[in-house]
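Offset between the sequence shown (1-based) and my numbering: plus 1376.
There may be inaccurate statements among the hints.
Each pair of labels, with its calculated beta carbon distance range [claimed, not checked]: (1) T1434 x S1472: 21 to 27 angstroms; (2) G1514 x T1478: 21 to 27 angstroms; (3) A1484 x K1447: 14 to 20 angstroms; (4) G1433 x S1495: 30 to 36 angstroms; (5) G1433 x A1503: 34 to 40 angstroms; (6) G1480 x P1521: 23 to 29 angstroms; (7) G1499 x G1523: 22 to 28 angstroms; (8) K1394 x G1459: 35 to 41 angstroms; (9) G1396 x D1485: 28 to 34 angstroms; (10) A1525 x S1472: 24 to 30 angstroms; (11) K1403 x K1496: 32 to 38 angstroms.
In short, the hints are calculated from the structure, not lab data. Heads up, the beta-carbon is just placed ideally off N, CA and C, and yes, glycines get one too.
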Amino acid sequence: MASATPPAKDKTGESICKDGAGDSTSKAVDLDQVRLLSDGSLMFVVFTTGDDVPTTGTVLYSITAWSLDGKTGYQIGSKFQNGREIANFVFNLTTSKQENITNGAVAADKQVSTRYPLSKLAGLGAAFAWSGTVTVDGADVDRCPDGEAKMQFVSG
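The task is simple: from the sequences and hints, build the whole structure.
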């Protein structure tokens, strides 16, 4: 089984969103940054938090990504309950179909790391807009970037 740890920066593509400290509406989790990295076959997603990731409650770490033409969108996410992974998925926003992924998300210390096959993100393209969100017990508590802004991902 491949590791959930991303490889070193590669010319295939990387995008990092840095978030402001203390802007979460929850005391349970505050984002520091979200990193997407593609190695050409996998999309690695790393959420880094200001404090250790919570081990109580239900916490969803998700990315929403849209193709630049707006025709294809996905939500990819890992959900933990009381510190244990209970779901990992790719939800196609265009078709409203979800596919559960078994990829061994890792939540430890101040990071949640996971990976998704690029083949599950068909139509997204080499360049797309994205944002990362943390949801605690059903309520969105922090987002990177803040507001409705989106980050750009371009693979080379």
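Going through the hints against the structure:
| no. | hint | in the structure |
| --- | --- | --- |
| 1 | T1434 x S1472: 21 to 27 angstroms | 22 angstroms, holds |
| 2 | G1514 x T1478: 21 to 27 angstroms | 24 angstroms, holds |
| 3 | A1484 x K1447: 14 to 20 angstroms | 37 angstroms, violated |
| 4 | G1433 x S1495: 30 to 36 angstroms | 33 angstroms, holds |
| 5 | G1433 x A1503: 34 to 40 angstroms | 35 angstroms, holds |
| 6 | G1480 x P1521: 23 to 29 angstroms | 28 angstroms, holds |
| 7 | G1499 x G1523: 22 to 28 angstroms | 26 angstroms, holds |
| 8 | K1394 x G1459: 35 to 41 angstroms | 26 angstroms, violated |
| 9 | G1396 x D1485: 28 to 34 angstroms | 21 angstroms, violated |
| 10 | A1525 x S1472: 24 to 30 angstroms | 25 angstroms, holds |
| 11 | K1403 x K1496: 32 to 38 angstroms | 34 angstroms, holds |
The structure does not agree with the numbered hints 3, 8 and 9 stated previously, though it agrees with the rest.
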